[in-house]
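Work out the full structure: start from the sequences and follow the hints.
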Amino acid sequence: MTSTKYEELQALTKKYGEETLVFYEYVRAIGPQIVTAYNEYLGGPKRAANAVPPDGEFEPDVDYNDSAFDDWEHSTKYLKSISMGICTEIGNQSDEGATWVRTLIKFQPSDGAVILLTGNSGKKVYLQDDLQAVMDDVCELIFQDTREAFSLELDEARGRSQIGFAPNPRPS
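In this text, residue positions in the sequence shown follow the working numbering: the first is 62, and each later residue adds one.
Honestly, the hints are just simulated from the structure, not real lab data. Incorrect hints may have been included.
[Unchecked claim] Pair ranges (Cβ atoms, derived):
#, residue 1, residue 2, range
1, R108, S64, 48 to 58 Å
2, D172, W133, 38 to 48 Å
3, D190, D156, 16 to 26 Å
4, T97, D190, 14 to 24 Å
5, K75, S171, 18 to 28 Å
6, T81, G152, 34 to 44 Å
For clarity, every value in this text was computed on a predicted model and none was experimentally measured. Backbone N, C-alpha and C define an ideal beta-carbon position, used for all residues, glycine too.
Laid out in structure tokens, this is it:
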């Protein structure tokens, strides 16, 4: 049976849609798993890390759910990278205040696989069917990005990480 050029385009459209949906659902499922694993990796308070929007203002302890992903407002889905922010909130040792650092992670589709990139480091982790096999690597990259935010001049941290400091209010 001979197919028309139009039918060929329809088949390509169907394949693109299926792959886009699989990628989108995978990212939505794996994002919260990474946050949970990172919290365990840190060994601190249960919610030392939280998923936050990758851009703009955020509160470190708000449950952002889908709005932690950069494509959440778009009804049309594309087979392209999806970013998510992970906020590490670090309680001050000297008072009740806290400092927080947002690390950007990007999920990039790549020939049927998914590559995870953290911060601006350019370091990649190829996500596999067995996510647990690479989860320590993912958590270490997020941890290293958070540590590196403190080693940079604060004005150089713009665009890569966002550090927020909430000192303990002074009594009146």
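TODO: Indicate whether the distance between the beta carbons of T81 and G152 respects the range 34 to 44 Å.
DONE: holds, 40 Å
Open item on the list: Just to be sure I understand the hint, the distance between the Cβ atoms of R108 and S64 should be within 48 to 58 Å; is that true here?
Closed with: holds, 54 Å
Task: Distance restraint hint 14 to 24 Å, applied to the beta-carbon atoms of T97 and D190 - done: holds, 18 Å
- [ ] For the range 16 to 26 Å, tell me whether the beta carbons of D190 and D156 fit it or not.
- [x] Given range 16 to 26 Å: violated, Cβ gap about 45 Å.
Open item on the list: Within 38 to 48 Å: is that where the Cβ-Cβ distance between D172 and W133 falls?
Closed with: Roughly 26 Å apart at Cβ, these two residues miss the hinted range, so it is violated.
Open item on the list: Given a hint of 18 to 28 Å, does the C-beta separation of K75 and S171 actually sit inside it?
Closed with: holds, 21 Å
In summary, the structure is inconsistent with hints 2 and 3 from the numbered list given earlier, while agreeing with the others.
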